[in-house]
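**Q** Protein chains in written order, with the working numbering: chain A, 20 to 470; chain B, 2 to 410.
Honestly, I wouldn't trust all of these hints.
Straight-line distance between alpha carbons at most 25 Å, and here's what the computed BS3-like set of lysine-lysine pairs gives [claimed, not checked]:
#1 A:Lys364 / B:Lys41
#2 A:Lys376 / B:Lys82
#3 A:Lys376 / B:Lys41
#4 B:Lys169 / B:Lys41
These are computed hints drawn from the structure, not numbers from a lab.
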Amino acid sequence: MIIGGGIAGIQAALDIADAGFPVYLVEREPSVGGRMAQLDKTFPTLDCSSCILTPKMVDVGRHPNIELMTYSEVVSVTLPTPPLQGGGERGSPPPGGEGGSFRVSVRRKPRYVDVNKCTGCGSCAAACRMKGRIVSQFDEGIAKRSAIYVPFPQAVPLKYTVDPGVCLYLTRGTCGKTFLCKDACPAGAIDFEQKEEIVDLEVGTIVVATGFDLLDARLKPEFGYGVYPQVMTGIEFERLSSASGPTMGKIIVNGKEPQDVVFIKCVGSRDPHTGVPYCSRVCCMYTAKHAHLVRDKLPDARITIFYMDVRAFGKGYEEFYDRVKHERVLYRRGEPAEVYRRGDKLVVLAEDTMLGKPVEVEADLVVLATAITPRTDMPQVSALLGLQCSPDGFFQEAHPKLRPVDSLVDGIFLAGCCQGPKDIPDTVAQSKAAASSALRVLVQRGKGVSA
Amino acid sequence: MVLWRETKMALKTEPMVEQLELMGCIQCGKCTGGCPVARKTTLNIRSLIYNMLVEPELDVSAHPELWDCTCCFTCVERCPKDVRPAELIIGLRGQLVESGHIPDTIGTALTGIFRQGNPTGIAREDRSAWANGTEIKAAQGGCEVLLHVCCTAAYDPRVQVVPRALVKAFTAAGLDFGTLGTDESCCGNEVRRMGEVGLFEMLVEENGELIRSVGASRLVTVSPHCFNTFKNEYSLTPPSPPLQGGERPSPSLQGGKGGMEVLHYTQLMAELLEQGRLKLSNEVKKTVTYHDPCFLGKQNHVFDEPRAVLKAIPGLKLVEMDRSRERSLCCEGGGGRMWAEGTNLEERLAFQRVREAAETGAEVLAVACPFCLLTLEDAVKVQGLDDADRTGGRTLRVMDIMELVSLAL
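Start from the sequences, fold in the hints, and give me the full structure.
**A** Here you go:
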């Protein structure tokens, strides 16, 4: 079983399924795709994120060995008895050798849509009374959707879901004289009688790929996030810049194209007071990428990146940083102290530590590179699976150097940002390693029980 | 104005680097970037820390700008690495005090506190003059709430109205309160920030003993400066609850044994109003904006209570300045700056601040700190913002929150 359908879970599921073992891929949201589906382009190659992700999403959707369980949550896990031994150590007895397996209960939340009938045509969403009134989490609040929705057009499965928290019928018991969505659906797929379902499964091994959250930028009140519409986070900028996003990729802030764009790195990262003493590892590069995207779309914009250090450690990363600097992106060293308003503009106040003096830089758009944080439900997931967290709050691997994908529970493996901040290449590498470790368990215990 | 000795004051840097744990500094510049005086003088605390780290000695006497710091502690609040930059300034001032490299006005203030218990040097016997003949209970005989008036509110004619308004409100609420009268002395908050460690320790000992002897359950201050030092640097408060996100432990926090709760008056007033023990009935039809004092807001995270008091006044409309709460701009009155002009006399932060207040359209700039009241009112007058002929009609007036409460009571 794979828990989490972002790129980490998708990759692990595909590798295990391709090796011939049946896989359950459990995803809480209505679609797989995770954070990577939200991104515009990816550093340093500038591949379109959804262009490289969507084929993999489609693959998990129709792989004969993968049972995709979207809009579903693991609610209980019983560890094998007797416990598995030495899930990852060479030479140790094969885990599950005595046929031990994890018994897992999964709650399939009601979509109020029959997925076998739904064709994904979208007539329901177009008809919904709440159309254009519900904040789209996928678009980070920049766009609005209906109460019945798919998170994004490339969703897998491309099946509609009724948001139970906002649907008029489900919250108030009535939606006008007639259900507009039901009337509009040509397939008769909408079914408000659907109930949640608990599915009990037995699996030989579990890969945890539950991903990450982003720091609430309001924890750094000096930057005015939530006060000024011109101050946004990196992930919000991804949606703004994405060609498939709400503005079709046009960078429009407060109704106009920004002339002065300031990026602030390390917002919350490397700062024990926000609970993030570590480096988030991806912000240096995605900020360089953001600057490139702004330059690409707004050739005359003045672009400033405030930084403390530039960490461009991956393959092709330093070269990309060099390239961006040559694109008239000004790197100024200093962690900004404050953002405030002056007339129509915002002012970013910082010490340029190279000059040794405080400077004010005007901005029409300020992008905050907010820290990657452990998901808020880490305590619940840890308790569910018996996992431990390291001091940074992410899942603890069995050995920081030699067993980087094994958890401390035999038979459970870690992939992606649930173990710590990572970029996409590292996430995929770790997923493939987790899949490989999981396969070792499965091969040794003999085929037949699902992964 | 400044009496500099000819001699250098060469300080060996290593002991202070260790004492203040400066090695953790990553030179990000967040301190200097947010420093309100770094923009107008040569004070650069990030650069000073770097000097401390890489040089074996620092000639402290070559840095008169050390006296520019207002101890607003914006740098301390925002430092991602717990370096507490302003504590280095306080430490270096200590070296200057010890070697006599101090502005003469600072010397006068410190002498006044040593001799008369207040920086003005006015006689201790006049400390209760603010009460204007009103009988106020002597706390020495025991009371529930001890009101600490402190120097500026006790002696400055402009500020004396604030403790008088507090007495009026406390009496109306039926509070059992008292003051130490002429036995009261300076809290020492600015003394420590001016680097006079010896005098500060003496005040902590003497004040602490006297205050504890009252047996009050609560100590209420007029000034956020007194509130800060009593709360964080005396041993009066009960042990603090676990720190919330964003809060930081003060290194001088000595834990509590006296079990006395330290409050700023806005906190007590908000409580009295919320509990209905105090009712404000008169309308005060004014548009008011509120200036967060550094020692109340930034340093002690009291943002909501002063606003709650203002909102409880019938008819009052509260509007916010762009830079409010954690982004409030220092009035430049703290850290000893009430008694020293600093190296740049031309541009005052208070001038900028009152212009920001005027931009909101407010008629009243409300404050909750004696220093803010004086610096901001001065700025309003110098810039003519209180003169309808010069502003084209609309005027701005600086008032303490208690003055507004008094109108409503």
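**Q** Does Lys169 (chain B) pair with Lys41 (chain B) here, judged by a C-alpha cut-off of 25 Å?
**A** violated, 41 Å
**Q** Please work out if Lys376 (chain A) and Lys82 (chain B) have their alpha carbons no farther apart than 25 Å.
**A** holds, 20 Å
**Q** For the pair supplied as a hint, Lys376 (chain A) and Lys41 (chain B), confirm whether the alpha-carbon distance does not exceed 25 Å.
**A** Cα-Cα ~10 Å, so holds.
**Q** Quick one, are Lys364 (chain A) and Lys41 (chain B) close enough, alpha carbons at most 25 Å?
**A** Holds, at about 22 Å.
Hint 4 from the list above is the single one not met by this structure.
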